[in-house]
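S.K.: As a plain string of letters, each chain reads:
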Amino acid sequence: MRPLAEVAIERNGPVSVVDIENVPHDAVVVPISMMGAPTVGTEKLPSGREATAALRALERVLGKRATHLAPIEIGGLNSVIPIAAAAETGLPLVDGDAMGRAFPEAHMVLPSLMGVSCTPMVIVDDKGNTMVLDTVDNRWAERLARSVCVEAGCSVFTADTVLSGKQLREGLVAGTLTLAHRLGRAVRLSPEPVATARS
Amino acid sequence: MSYRLGVALPGARSAAAVLDHDGRVVVAVERETETVGGILDAVLEAARPHGIPASKIDHVMFAVTDLRALAAATGYWRGWPGRLAKVAAVRLGAATTSVPPLALWPPEMRERVVVASTCLSGGAMLDGSDYEPLDIEGMLAFARRISGTVGAVAITGVFSSVTPRHELAAAEVIREEMGASGAILLSHEYGGLGLVERENATILQAALTAPVAEEAAKLLAVVNERGLSRAEVFLARSDGTIATLDNAVTHPLSLLGATDATSVVGAAVLSGERDALVGLTKADGNVRAVCALTDSRPRMTVGHTEVAGVPTGLSVPALVPIHASVEEAIDRAKDAPGDLPLLLVGPGTRAFVNSLSPRIVGTALAGTVRVESPADAEAAAAVGAAAAPVVGEARRIVPLNSPRLEEIRTAVREAARASAMRAGADPAKVGLVWTEEKPLAYLSEPTVVMRVRAGGPPRVGWMAGKAKVAVSARQDAR
Chain A
1 MRPLAEVAIE RNGPVSVVDI ENVPHDAVVV PISMMGAPTV GTEKLPSGRE
51 ATAALRALER VLGKRATHLA PIEIGGLNSV IPIAAAAETG LPLVDGDAMG
101 RAFPEAHMVL PSLMGVSCTP MVIVDDKGNT MVLDTVDNRW AERLARSVCV
151 EAGCSVFTAD TVLSGKQLRE GLVAGTLTLA HRLGRAVRLS PEPVATARS
Chain B
1 MSYRLGVALP GARSAAAVLD HDGRVVVAVE RETETVGGIL DAVLEAARPH
51 GIPASKIDHV MFAVTDLRAL AAATGYWRGW PGRLAKVAAV RLGAATTSVP
101 PLALWPPEMR ERVVVASTCL SGGAMLDGSD YEPLDIEGML AFARRISGTV
151 GAVAITGVFS SVTPRHELAA AEVIREEMGA SGAILLSHEY GGLGLVEREN
201 ATILQAALTA PVAEEAAKLL AVVNERGLSR AEVFLARSDG TIATLDNAVT
251 HPLSLLGATD ATSVVGAAVL SGERDALVGL TKADGNVRAV CALTDSRPRM
301 TVGHTEVAGV PTGLSVPALV PIHASVEEAI DRAKDAPGDL PLLLVGPGTR
351 AFVNSLSPRI VGTALAGTVR VESPADAEAA AAVGAAAAPV VGEARRIVPL
401 NSPRLEEIRT AVREAARASA MRAGADPAKV GLVWTEEKPL AYLSEPTVVM
451 RVRAGGPPRV GWMAGKAKVA VSARQDAR
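Sequences listed follow chains A and B, in order. FYI, the numbering for the first sequence is 1 to 199, going by our numbering. FYI, the numbering for the second sequence is 1 to 478, going by our numbering.
Source of the hints: derived by calculation from the structure; they are not laboratory data. Here the structure is a predicted model, which means the values were calculated and not measured. Among these hints, one or two may not hold up.
Unchecked claim - EDC-like, lysine to aspartate or glutamate: derived pairs with alpha carbons at most 20 angstroms apart:
no.: 1; chain 1: B; residue 1: K56; chain 2: B; residue 2: E108
no.: 2; chain 1: B; residue 1: K56; chain 2: B; residue 2: E225
no.: 3; chain 1: B; residue 1: K334; chain 2: A; residue 2: E192
no.: 4; chain 1: A; residue 1: K127; chain 2: B; residue 2: D127
no.: 5; chain 1: A; residue 1: K64; chain 2: A; residue 2: D26
no.: 6; chain 1: B; residue 1: K86; chain 2: B; residue 2: E111
no.: 7; chain 1: A; residue 1: K127; chain 2: B; residue 2: D135
no.: 8; chain 1: B; residue 1: K218; chain 2: B; residue 2: D41
no.: 9; chain 1: A; residue 1: K127; chain 2: B; residue 2: D130
Stated by the list, open to error - Have a look at the derived ranges for each label pair, beta carbon to beta carbon:
no.: 10; chain 1: B; residue 1: S444; chain 2: A; residue 2: K64; range: 30 to 38 angstroms
no.: 11; chain 1: B; residue 1: G37; chain 2: A; residue 2: R101; range: 53 to 61 angstroms
no.: 12; chain 1: A; residue 1: P14; chain 2: B; residue 2: P107; range: 18 to 26 angstroms
No residue lacks a Cβ here, since even glycine has one placed at the ideal position from N, Cα and C.
The shape of chain A in the complex, shown without the other chains (with noise of 0.2 angstroms):
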């Protein structure tokens, strides 16, 4: 999947990346990611307007413009959909993630332990349609986003768990991004991979 990044990189521009740190606290911080089987996401591949479309009905749910994106995810495909995301919005992308590697449902992130709500959660699929959960808890957006990501064919865009700047340091795992990219360097070009991904 990581073409999907390098195509919406290749259309819109590069991405910029900004430390934890550097994101003011008033920041109003938006994870973007794919629920659904990775499998039937390489098969039936997104328009590449998926991330904008979620963002939009995100923004006009909450009455205020996102600034950052960030993964919720560092494992897997939801590594590479916030790249292609940001590079679609033109908005930066926070340097960090909300589990520190990947887990297989939406609730179980470090938000949910801070008490942070996983809605207004936004769901779009291919074909833009657009839906927005208001839940009683983290479990039941997680419960009822699966049967709509089954139903609209297993593959769905989701915006949730808006974070303000000052939760960041909580909510996110710093510096993951960066990792992933450190660790693939190593294993591509380095002979040596554990060593050099170590130093």
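Since the structure of chain A is provided, determine the placement of chain B on it from the hints.
M.R.: Here is chain B on its own, set in the frame of chain A:
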């Protein structure tokens, strides 16, 4: 008594071997020649003292590497991509343009191969319903635009592996408009999930099919000239199985890496081992790569194979190249901590074994239980081709709660059997060789990708009677 003849053409050196009907090697040769005629003459001469004339050979199996040998041996087509058909590419799935058709192709390959491309409404959902309605008007307009300018059309629909309905309907529109002026290739025939990779492979196959078929016809002529007209010709594929010449040329990319695959299969046949590591040697006596042999088959990559700079989802033998030392490659080729025998095959087998300290041979090299070069190891690629089974595969995505689950399982098994028979397996002996149901992750409804492989020995008697008449007619026409 009938015999099988295996021929491997990996490059500057060639190998050939004759196996009897019990799979025993009767003669094996390995020579510095690139021509089909040269290696056939050498093996037939070696077989004569054993009382094996060309007329007693029922099957000839060729293994070629990236089609280059096929070309160099028989004529003007020097390597590929050289002469490629002009292709028009159609994608059915208008809302998939985050990665448009051909986006990942090197520009020079794109210009060389693809005349026109389009992305139209169509395709299927995971549950088999329409993803988008098929844009028949758009299809017709595109068909009119390309008619007369292309040698082949490649059609790729979203989830055509679930249902090929839209690919088939689109093919009908193209055929109606284009007449018989070119081949139509449908991506569901080439399998695999991953829209872009399958689309790329289908386009490449479309570009290669006509030139490879021409080369194959020349290969057949050389075989017939050597008095082997009673033998049916098969080509080895990337996974170390074989398919009839006619079937294989419609899937030219499946020939990639075939000599590596048959080398590994040949090592298994010659040593009697089912699980081992195989060191592929070069003529100078160096090991160029190590490949794991698992259950008598080469370990395969999981896809992500670039062909002429184009990403595809093809699986090829998982070769571990030598960076630092053979031991290091052995270590990386293993998928479990236990030590395995190291089998050496290929033209430099003897030179490599001689270069090792006598202490190591027959005892151990780090990571191995012993180092062995089986008899006729130089010709392992030819032995592997001659001994290979004919295998067909079918796959389908199925929700496990489908009320028709058993019916679907039966249909997939039948499709695999049919695919094996189309590839030239003996209908009397085709059996299921492997089944897999792999769940798709992150769905609320349990859904699996079902894959079934069926296979058996190559069919016999096919070249008698009418088929033989057809071959002579083809020869007369030349």
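S.K.: Below or equal to 20 angstroms on CA atoms is what counts here, so check K127(A) against D130(B).
M.R.: Measuring from Cα to Cα gives roughly 13 angstroms; hence the hint holds.
S.K.: Just to be careful, I want the Cα atoms of K56(B) and E225(B) compared with a cutoff of 20 angstroms; is the pair within it?
M.R.: Holds: K56(B) and E225(B) sit about 15 angstroms apart, inside 20 angstroms.
S.K.: When you check the alpha-carbon spacing of K86(B) and E111(B), does it fall within 20 angstroms?
M.R.: holds, 10 angstroms
S.K.: Does the alpha-carbon distance linking K127(A) and D135(B) stay inside the 20 angstroms limit?
M.R.: Holds: K127(A) and D135(B) sit about 16 angstroms apart, inside 20 angstroms.
S.K.: Range first: 18 to 26 angstroms. Now tell me if the beta carbons of P14(A) and P107(B) are that far apart.
M.R.: Given range 18 to 26 angstroms: holds, Cβ gap about 21 angstroms.
S.K.: Verify the proposed pairing of K127(A) with D127(B), using a straight-line Cα cut of 20 angstroms.
M.R.: holds, 16 angstroms
S.K.: With a cut-off of 20 angstroms on the C-alpha distance, tell me whether K56(B) and E108(B) pass.
M.R.: violated, 48 angstroms
S.K.: Given the range 53 to 61 angstroms, decide if the beta-carbon distance of G37(B) to R101(A) lies inside it.
M.R.: With a Cβ separation near 60 angstroms, G37(B) and R101(A) satisfy 53 to 61 angstroms, so the hint holds.
S.K.: Quick check: does the Cβ-Cβ distance between S444(B) and K64(A) fall within 30 to 38 angstroms?
M.R.: Holds - the Cβ-Cβ distance for S444(B) and K64(A), about 33 angstroms, lies within 30 to 38 angstroms.
S.K.: Does K334(B) pair with E192(A) here, judged by a C-alpha cut-off of 20 angstroms?
M.R.: holds, 18 angstroms
S.K.: Please work out if K218(B) and D41(B) have their alpha carbons no farther apart than 20 angstroms.
M.R.: Status holds; Cα separation ~17 angstroms.
S.K.: Compare the distance between the alpha carbons of K64(A) and D26(A) with 20 angstroms, and conclude whether the hinted pair is satisfied.
M.R.: With a Cα-Cα distance of about 12 angstroms, the restraint between K64(A) and D26(A) holds, given a limit of 20 angstroms.
Checked against the numbered hints listed earlier, the structure breaks hint 1 alone; every other hint is satisfied.
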